[in-house]
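Protein chains: 2
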Amino acid sequence: MIIDCHGHYTTEPAPLLKFREQQIAALKDPAQAPSRESLKISDDQIRDSVQNAQMKFQRERGTDVTIFSPRASGMAHHIGTAATSLEWSQICNDLIHRVCLLFPENFIGVCQLPQSPGTSLDNSIRELERCVTQMNFVGCNLNPDPSGGYWNGPPLTDRAWYPFYERMVELDVPAMVHVSSSCNPNFHATGAHYINADTTAFMQFLASNLFSDFPALKFVIPHGGGGVPFHWGRYRGLAQDMKKPPLKELLLNNVYFDTCVYHLPGIELMTKVVPIDNILFASEMIGAVKGIDPETGHNYDDTRRYIDAVSWLSAEDRNKIYEGNARKVYPRINKILASA
Amino acid sequence: MIIDCHGHYTTEPAPLLKFREQQIAALKDPAQAPSRESLKISDDQIRDSVQNAQMKFQRERGTDVTIFSPRASGMAHHIGTAATSLEWSQICNDLIHRVCLLFPENFIGVCQLPQSPGTSLDNSIRELERCVTQMNFVGCNLNPDPSGGYWNGPPLTDRAWYPFYERMVELDVPAMVHVSSSCNPNFHATGAHYINADTTAFMQFLASNLFSDFPALKFVIPHGGGGVPFHWGRYRGLAQDMKKPPLKELLLNNVYFDTCVYHLPGIELMTKVVPIDNILFASEMIGAVKGIDPETGHNYDDTRRYIDAVSWLSAEDRNKIYEGNARKVYPRINKILASA
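So the sequence lines, in the order shown, correspond to chains A and B. Letter 202 of the first sequence, counting from 1, is numbered 202 in the numbering used here, and no numbers are missing. Letter 50 of the second sequence, counting from 1, is numbered 390 in the numbering used here, and no numbers are missing.
These are calculated hints, taken from the structure and not from any lab test. Take the hints with a grain of salt, since some may be wrong.
[Stated by the list, open to error] Computed list of lysine-lysine pairs in BS3-like fashion (alpha-carbon distance at most 27 Å, straight line):
id, chain 1, residue 1, chain 2, residue 2
1, B, 612, A, 290
2, A, 243, A, 18
3, A, 272, A, 328
4, B, 583, A, 248
5, B, 630, A, 243
6, A, 290, B, 584
7, B, 583, A, 290
8, B, 380, B, 368
9, A, 244, B, 630
10, A, 244, A, 56
11, A, 272, B, 630
12, B, 396, A, 243
13, B, 630, B, 583
The whole structure should be built from the sequences, with the hints applied where relevant.
Written out as structure tokens, the structure reads:
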């Protein structure tokens, strides 16, 4: 079985995007506020939105199930108030749930959180509980910078996040550390903000004692861990200069990397330096890079081809990357897969 | 000949650091303002500061000359006013000049710029001119985020930077894109802010038409280009999705990467994906990572060993990385090396 741990609903039915437009317009003109009841999306619209998109790629690439969450760039926690973010997150998560109910063999839900800059995580805790206990979701996307590129909130290792982490551990779900769109003109979203956030989160974890406080807390850092594997020597050396234990001991029971790295040399590097136990298969299709690589004739984001092409991986290694590690990091998927 | 294009004066004599302390204290209490005349550093103090440090490593590692600039984390453009930054930059650059005069075979100067958030680049233009025309400097370190981690200034591709770029082109000097210390608790300086800035700058360049406007403008992106080579497929794909020409055509006549990547697999990746013509040897010693890698028994930042160990590099490739590309990107070093 091949589990893709990183997919977003980037082919949402048009009424959802229309609702969001109205919701944003209402921030300036409350008369335009759409009612939640006005948002109508049929099962057929949902089927149409994924059958010839994500599901087609699953079939073509020979992957089985995608851990699926709302569009990352659409979360936009910097827009509006805590109430804006709560309403938008609930709607997006409900829609993911409907996708998972319609295609239980293809999709397993991960939720967006109603974060909002400068507000507490109470809404996020409640939404995580709702999604996990009522809709069988297996994890969440946690935005380390809800400001959208100004980074004026506390680092992920600050105690402000601890109540959320406590609930994650109780529910036995991991978080993927995933920023949303950037409203800072310095940062292109998928070309800079995403990669920077991944690198930043890893270094925050490295410099902290977070995993002494939460030995069971688990994070997936997407996009191959940003710049981290390329600078693995730097991170080993920084930990050493700080008199920390080796990375494996310091954080690799808690921090995992996905394989959203869109060329073979990158995946090769990753499998050389990051322990195989810490690598989870992912493609983020349909996502940041949609084209076909003229050097290979295949989609850049067809990451399965790269993993299959790494000559030194054993069958056991591949099983871990494709399935075993996801079952370990997202333990709730085991029950879902058994019943699907 | 082996040219290390990225070294900072991280072993400054104590009086310099004392002066800076007083200068910062004077921001709150002007009575503490130190006079520039009070700062006394002897030639012997300068000799002592580098002979058993940078020069010892040059001898041990078999490298020849280091393109040398003030401590990057010391620039701290976010501290004080434009006047603070101007005074501090002039003092730091004058000291680099003295190092270069004492050891002309070992060091060639690159300047710190008196940037200051929200102010024009006039001071930076004047200081660049002074350093290049009066002190034989061959380039500058340009900080893409003088705020120190809040990124509230314009991207490097904004027209606000153009007057500075015009002067760079006239003087025939490149800029290394190099942030300074971070005052944002989200960003560890050498573990996140540096790498993020490298990635960010590359993506700004990729998304822009800057090099149509300045075909002769040259940048070196340090620390191996941040996360860029690891995600080379992503950047090729993003350019393609934006209907831009291939990276080589789009920006590789203008953008170069140094080799401050502290493990062999990282250097191997770089030499696989980045054209050899765009890679400049560098170590940043004595810098971010000072320890010895227990896996190799050598300093993490002894990057020459990694380049020597890449089996597929030809003698011509190594000559380009070690010397030829630096002579091309920093054309003013040719005259200096000829006379040294």
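Status of each hint after checking the structure:
With a C-alpha separation of about 23 Å, the suggested pairing of residue 612 of chain B with residue 290 of chain A holds against the 27 Å cut-off. The hinted pair formed by residue 243 of chain A and residue 18 of chain A fails the criterion: a straight-line CA distance of about 53 Å is larger than 27 Å. Distance hint between residue 272 of chain A and residue 328 of chain A is fulfilled; the C-alpha atoms sit about 21 Å from each other, no more than 27 Å. For the hint linking residue 583 of chain B to residue 248 of chain A, the alpha-carbon distance of about 42 Å lies beyond 27 Å, and the restraint is violated.
Restraint check for residue 630 of chain B and residue 243 of chain A: satisfied, since their Cα atoms lie roughly 12 Å apart, inside the 27 Å limit. With a C-alpha separation of about 14 Å, the suggested pairing of residue 290 of chain A with residue 584 of chain B holds against the 27 Å cut-off. A hinted pair counts as satisfied when its Cα atoms are at most 27 Å apart, and residue 583 of chain B with residue 290 of chain A qualifies at roughly 12 Å. The hinted pair formed by residue 380 of chain B and residue 368 of chain B meets the criterion: a straight-line CA distance of about 24 Å does not exceed 27 Å.
Of the pairs offered as hints, the one joining residue 244 of chain A and residue 630 of chain B holds, with about 14 Å between alpha carbons and a cut-off of 27 Å not exceeded. Distance restraint check for residue 244 of chain A and residue 56 of chain A: the Cα-Cα separation of roughly 46 Å exceeds the 27 Å cut-off, and the hinted pair is therefore not satisfied. Under the criterion of a C-alpha separation no larger than 27 Å, the hint pairing residue 272 of chain A with residue 630 of chain B is consistent with the structure, at around 23 Å. A hinted pair counts as satisfied when its Cα atoms are at most 27 Å apart, and residue 396 of chain B with residue 243 of chain A qualifies at roughly 25 Å.
Proximity of residue 630 of chain B to residue 583 of chain B is assessed by CA-CA distance (about 43 Å); at most 27 Å being required, the pair is judged violated.
Hints 2, 4, 10, 13, counting from the list given before, are not met by this structure.
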